[in-house]
Amino acid sequence: MNEYQELTVWDVIKRFIAGWVVGLGILAVYSCVKYRKYIGAVFTDSVLSWINAVIPIIIVLFAIIYMIKSIFR
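Counting from 1, one number per residue, gives the positions in the sequence shown under UniProt numbering.
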């Protein structure tokens with residue numbers, strides 16, 4: 001007759017985090033649908049700036065990896 005379920009502190013924390021994840025996921029989907037034209041315009045306008053920001057990072061990473069490989073040859 002005891003229909004209550006035992007919950008540990010960890011179960012409560014997991015449910016709390018899961019609730020926030022679901023809530024924020026729904027909010028993110030809603031925002032993407034509502035502001036899709038604005039997001040699309042911003043994305044297409046800033047593609048070149050993203051490329052200019054990311055390419056140097058990629059080049060530096062490849063250079064570091066190459067230097068590390070050359071040390072251990």
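Treat the hints as calculated values from the structure; they're not laboratory data. A hint or two may mislead.
What the hints assert, rightly or not - Cβ pair distances, simulated, as ranges:
id, residue 1, residue 2, range
1, Cys32, Leu61, 26 to 34 Å
2, Phe72, Thr8, 32 to 40 Å
3, Phe16, Tyr38, 48 to 56 Å
4, Tyr4, Asp45, 50 to 58 Å
5, Gly19, Phe72, 27 to 35 Å
6, Val21, Asp45, 28 to 36 Å
7, Ser49, Leu24, 37 to 45 Å
8, Val54, Cys32, 33 to 41 Å
Just so we're clear, the structure is a prediction, and the values are computed from it rather than from any experiment. Where is the CB? At the ideal position from N, CA and C, for every residue including glycine.
These are the hints, each one checked on the structure:
One distance hint, 26 to 34 Å for the beta-carbon pair Cys32 and Leu61, holds here, with the actual separation near 30 Å. Evaluation of the 32 to 40 Å hint for Phe72 and Thr8 yields a failure: the beta carbon distance comes to about 47 Å. Distance hint check for Phe16 and Tyr38: the Cβ-Cβ separation is about 32 Å, which falls outside the suggested range of 48 to 56 Å. In this structure, Tyr4 and Asp45 meet the distance hint of 50 to 58 Å, their C-beta atoms being roughly 56 Å apart.
For Gly19 paired with Phe72, a C-beta distance near 48 Å fails the hint of 27 to 35 Å. In this structure the supplied range 28 to 36 Å holds for Val21 paired with Asp45, their Cβ-Cβ distance being about 31 Å. Distance hint for Ser49 and Leu24: a CB-CB separation of about 27 Å, inconsistent with the stated range 37 to 45 Å. Taking the beta carbon of each, Val54 and Cys32 are about 22 Å apart, not inside 33 to 41 Å as hinted.
Hint check: violations occur at hints 2, 3, 5, 7, 8; the rest are consistent with the structure.
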